[in-house]
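The numbering used here numbers the first residue of the sequence shown as 4 and each following residue consecutively.
Honestly, the hints are just simulated from the structure, not real lab data.
A portion of the hints provided could be inaccurate.
[Said to hold, decoys possible] Computed cross-link-like contacts, DSS-like style, restricted to lysine-lysine with a CA-CA straight-line distance of at most 25 Å:
| no. | residue 1 | residue 2 |
| --- | --- | --- |
| 1 | Lys308 | Lys176 |
| 2 | Lys479 | Lys264 |
| 3 | Lys176 | Lys200 |
| 4 | Lys162 | Lys264 |
| 5 | Lys176 | Lys162 |
| 6 | Lys235 | Lys116 |
| 7 | Lys108 | Lys264 |
| 8 | Lys140 | Lys108 |
| 9 | Lys358 | Lys162 |
| 10 | Lys433 | Lys235 |
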Amino acid sequence: MRPVPPLRIRQANEEPLRSGDYVLYWMTAFRRPGWNFALQRAVELAQECSRPLIILEALRCDYHWASDRLHAFVIQGMADNQRAFAARAAARYYPYLEPERGAGKGLLAALAKNACAVVGDDFPSFFLPRMVAAAAKQTPCRLEMVDSNGLLPLRAADKIFARAHDFRRFLQKNLRPHLDDFPEEDPLKYQRLPDLKQLPASITRRWPAVDIEALRQDRIDLSQFPLDHAVKSVAMRGGCEAGEQRLADFLAVDLPRYDEKRNEPEQEATSRLSPYLHFGHVSAHQVFHAAMARENWTPDQLADKATGSSAGWWGASEPLESFLDELITWREVGYNRSWQQESHDQYESLPEWAKTTLAEHAFDPREHTYSLEEFAASQTHDPLWNAAQRQLVREGRIHNYLRMLWGKKILQWTPSPEEALEVMIELNNKYALDGRNPNSYSGIFWVLGRYDRAWGPERPIFGKVRYMTSENTARKYNVKQYLRTYSASSRD
């Protein structure tokens, strides 16, 4: 097994690697058994220390926007992970569901007390960075955070890119060496590590693991947890098994038409992988590997010159080039910002030109304004916007193109751009399975000018920020069936 690249490893405290009973992998963002640098690093340290490996996957219930929808998706992933780790004798999997707010407090510290080292997931957004900072103060052994977010290591670029074109050009100049450093597909395969017969009873009594049979049979009763039960679970199933199936279906059916049909709301030619990427049920490396293998692609096909163009550099087919630009450029430019800018989810992080033009038009008259409650309930005058919001509430997603329109109309129908941002973040993070993610914040802030340029003519409310209308969208794409599917009366 190749070592994890040092650029992906960050020591979060100043404690040493020490003699202990086991190595602990604290799984919080990369919730998968393979293609996972963090798990791979934990295996490395367990081998180095000749100690067992414990994998803690815990789910607290006090995170912002905690709901049946988000909890169910993660718990379904736990069931998949339990099956995967049960088939590998090299690690002990410890799934824990916090039954009430605060009940899980102290679990990580208790496990770390007997550990040689703790390895965690270095995810740069939502509450996770603050959680890691707090954990670092309570961990008496080495705490390493490992970056398994994307193809480009977070710390390979120490500047924030204001435009996708500039970030794409940087990728074309610098990504090639990192294509040789992929995580192991199955880091536990063929591993021989000492077995830990049992965890201390003082830990398992206070923080009992999930009932494995209930996990296997989908019998976890979410009504017992202090969650937002009004945000229901959805048909899309979470977990690495479902994620891998969605990837296989996309590559076989949708990828060949991706470049031509992905913006068509009625075609469903998008990948629909973003929830699995967000929760770490699939890996960007895994997706890239599977997509490139279909075309027998090799790095020798890369263009010699970095132009920043969204097509042609990879030397792949047009549909695949188009998909790679979304998977790598547009996804990872958000990660590039989020790890370097703590305020990446704040209005003040917008580019100066956007803040200036929006301020100049902040008091322009609005023909329509709506409250957060009216937006959430799809109670606007615009049938297409209402349909998109209903899709979000019902399915936990909006078609990618309509998601942009959805945000632009919120900007137009709120009293100020600051309030528009609050509404977008609240609705997206509450209902979308892929919310609370650097890539998700990129999409929201793009509505307000991030990663874009000034446009003319200057318009009321928008100023120089890009303008979109439902009427133009309906003229450009077929939406009649979409409107019927997500009408107010269409739900069973």
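Against the structure, the hints come out as follows:
no.: 1; hint: Lys308 / Lys176; result: 8 Å, holds
no.: 2; hint: Lys479 / Lys264; result: 12 Å, holds
no.: 3; hint: Lys176 / Lys200; result: 49 Å, violated
no.: 4; hint: Lys162 / Lys264; result: 34 Å, violated
no.: 5; hint: Lys176 / Lys162; result: 15 Å, holds
no.: 6; hint: Lys235 / Lys116; result: 38 Å, violated
no.: 7; hint: Lys108 / Lys264; result: 48 Å, violated
no.: 8; hint: Lys140 / Lys108; result: 14 Å, holds
no.: 9; hint: Lys358 / Lys162; result: 21 Å, holds
no.: 10; hint: Lys433 / Lys235; result: 11 Å, holds
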